[in-house]
Amino acid sequence: MKSSNRANFVVLTYKMVLVILSIVLMTSSIIVLVSYSAFKEQFNSSIVYQTLSRHKAESLYYLMSQENHHFSTAFDKNYSPPGLSSTLLELSTSIRAEDARSLFGSELPGFSIYDSNIIIAGEGTNFTNFPRESAPPLDETLKERNSTTKVQQPKENDGTNAPNNNTTGGKKVFYIYHTHSWESYLPLLGLEGDPDANKAVDSKTNINMVANMLGKDLEAQGIGAEVDQTNIGQKLKEKGWNTNQSYAMSRTVIETALTENRDLTYFIDLHRDSLRKDNTTIKINNKSYAKVVFVLGKANQNFEQNLKMAKALHEGLEKKYPGLSRGVIGKNKSSGNGVYNQDVSRNAILIEVGGVDNNFDELTNTTKALSDVISQFYWQAEKVDAPAQ
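Residue 237 in the UniProt record's numbering is what sits at position 237 of the sequence shown, and the numbering runs on without skipping anything.
No lab work stands behind these hints: they were computed from the structure.
Simulated restraints on C-beta separations: (1) T259 / E123: 38 to 48 Å; (2) K320 / A248: 34 to 44 Å; (3) N198 / I20: 51 to 61 Å; (4) Q245 / I20: 44 to 54 Å; (5) E123 / G193: 22 to 32 Å; (6) S288 / I20: 52 to 62 Å; (7) N126 / P322: 13 to 23 Å; (8) E238 / D196: 22 to 32 Å; (9) N68 / N261: 49 to 59 Å; (10) R262 / N117: 30 to 40 Å.
Once the Cα atoms are required to be at most 27 Å apart in a straight line, the calculated DSS-like pairs of lysine-lysine come out as: (11) K333 / K311; (12) K287 / K319; (13) K320 / K308; (14) K383 / K172; (15) K283 / K216; (16) K283 / K199; (17) K199 / K235; (18) K171 / K308; (19) K239 / K143; (20) K383 / K171; (21) K311 / K283; (22) K277 / K319; (23) K277 / K320; (24) K204 / K235; (25) K277 / K287; (26) K172 / K308; (27) K308 / K319; (28) K287 / K320; (29) K235 / K172; (30) K199 / K239; (31) K277 / K216; (32) K235 / K143; (33) K216 / K308; (34) K171 / K311; (35) K237 / K204; (36) K204 / K239; (37) K319 / K283; (38) K199 / K237; (39) K216 / K204; (40) K216 / K172.
Just so you know, even glycine gets a beta-carbon here, dropped at the ideal spot from N, CA and C.
Please model the entire structure based on the sequences and the hints provided.
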């Protein structure tokens, strides 16, 4: 009788226990989040995404494959499985044994600046040369330096990017703006080689020049582009705000633009990195370029869609201008703004163009490369979205 009763018990292997425990922990987390959001704020998929994105999908997938071997067919034949103990630790506490940031990131002062994610690593990109956010005091952003060099004006399309026959029919579909409109480049201010990177700010000669060039290059490709000319520093002063509120200010600019033009679909926030020349410059076919890096806010509801755009542009640059893109970086609120106003559209990205040491020619070459790849991406997307004949 006793042996018969034992036969009715389900024998659980230790692996199965781990699988069940992991699933229970994950399910409990989601239930808590859903319950909390029901009372605190409207629930959206980004909340679940942020929770689950802390864990490697392969970790949970591997545990499931221990009980259902059909799942294991998805792994490469050379796949090296994670240790069960480290996997359980990661799933239950978000601490990754191979990443010290997951343990010390919230405890050590200043360590949170490294709490970013290299979604796609470009050539030479690592945690030591991440895009850095370091807004200067507001008064500095309002200064106009006495440049000793005459800054060249953007040229019309010179044929480098041959115009195509496509056109948006007069519609402005791209909106190019700059949350940190004071960001400039030392060579444009007559300060080439200056050891003080903080001098690369100016209320007049700044990132706006790059935006104007990109806008003109896109127009030459038949794509209507509106380039914002707002002096964000001046607007902040008028409201009594500081530079930490720059994204809130640029949001008002975007919302006004959307109200005035409902055709706007793509949004590009141009910035300049504070890294020095060796990290932000590359030579391709004997031409010098200012490197670019795509930055995405992981705390916004459109993150996955924005990522598709950034990934496509990165891959386009890699194909035509290998090494020009430093990759795609994801930032949480602990390491940056976390949203970057990218929740306004499913096609919104932030692009860091060069660093403090890049000159006019390097910036010009880069904007042409960007417009080349952006236009290719846009027209391909239009072809896909076009109604069937």
